[in-house]
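Chemist: Sequence:
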Amino acid sequence: MTEIAICIATRQRPQGITRTLRSLAGLVTERAVTVIVADNDAVKREGIAAAEALRAEGYRWPLELLTVAEPGIPQVRNALVAAALRLPDIAFVAMLDDDEAADPHWLHAMLACQAATRADIVGGAVLREMEGEIPSWMLDHPILRPKLRGGSGVVDLVDSTGNVLIAAEALRALGDKPFHEAMALTGGSDKELFTRMQRGGRRFAWAEDARVTELIPASRISTKWLLMRGYRIGMTDTITALTHSTPFKVATAEAPRIFGGFVLGSLGALTFDPGKRAERLGKLYRAAGKVAALTGHRYEEYRKVHGA
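Take the sequence shown: its position 277, counted from the start at 1, is 277 in the UniProt record's numbering, and no numbers get skipped.
Derived from the structure by calculation, the hints contain no laboratory data.
There may be inaccurate statements among the hints.
In silico DSS-like pairs for lysine-lysine, Cα to Cα no more than 27 Å straight-line [what the hints assert, rightly or not]: (1) 224 to 147; (2) 304 to 177; (3) 191 to 147.
Using C-beta positions, here's what the derived DEER-type ranges look like [claimed, not checked]: (4) 269 to 305: 30 to 36 Å; (5) 137 to 70: 27 to 33 Å; (6) 70 to 255: 44 to 50 Å; (7) 208 to 182: 32 to 38 Å; (8) 228 to 182: 16 to 22 Å; (9) 247 to 22: 42 to 48 Å; (10) 182 to 262: 25 to 31 Å; (11) 52 to 255: 48 to 54 Å; (12) 139 to 271: 17 to 23 Å.
Glycine residues also receive a C-beta, built at the ideal position from the N, C-alpha and C atoms.
The whole structure should be built from the sequences, with the hints applied where relevant.
Modeler: Written out as structure tokens, the structure is:
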């Protein structure tokens, strides 16, 4: 019997998935858990090898290991959800990223919040750990700040699977492939799914004390990466909007934000403060990403794997 499936997508991060799995072995819980790992590299299968090594050591939880050959984050997430929903007596599906480590009380906090709010989807806090040296101004950049909301309770929307608990019944109601596979390498399929669930009347909550720590690799600690992440977010947020409305309505709604982004972003060159400059330019890049989505262009951020 499995009450909770903890699902992790991985690709070319054997050290990362090992760190994630070791953290889950230390959970303080008596609930019936199965951990499912899906590797999106059918050639090297480094994630599978890392998980098998832990299983050979006597891993605490039952491990189900999958290989998903077709490249794409939603493809892997759909395979994880399908495997989880096949488990007898499954009540909840949790998801973490393979660059995260869970606090020992993470699962307990998630379940306590769900019980208190009766939410269909519960999101949790994401702390940051930086790999190597980082300029002090970067620590306060919006993309690198800890993902906190200041308290727990009912919220309008959760926008990421990088620390989430979802009722199995809510996923089952969405059919075989809840994640939008056309967003294979762009990112954003999690926010698109949760936006769709929100429109369908599902209830969301936030568990501030359900914490995981994300390791930010050195290759992401650069102004270029921060700007391109902002571009990608602007693009995928607009793609999500386009799945629920017409291009004309989305363009009309986004026009003031796009204009404001270009105006504020152009002020980025007028300061010697690197933090303010990066934030202002980030608004410009996010606006450009919105324009890209409206004109049919796609930036596939996840073709490149960061970290190990």
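Chemist: Next, verify each hint and record whether it holds.
Modeler: Status of the hints after comparison with the structure:
no.	hint	in the structure
1	224 to 147	holds (21 Å)
2	304 to 177	holds (24 Å)
3	191 to 147	holds (15 Å)
4	269 to 305: 30 to 36 Å	holds (32 Å)
5	137 to 70: 27 to 33 Å	violated (40 Å)
6	70 to 255: 44 to 50 Å	violated (36 Å)
7	208 to 182: 32 to 38 Å	holds (33 Å)
8	228 to 182: 16 to 22 Å	holds (21 Å)
9	247 to 22: 42 to 48 Å	holds (46 Å)
10	182 to 262: 25 to 31 Å	holds (28 Å)
11	52 to 255: 48 to 54 Å	holds (52 Å)
12	139 to 271: 17 to 23 Å	holds (18 Å)
The earlier numbered hints that this structure contradicts are 5 and 6.
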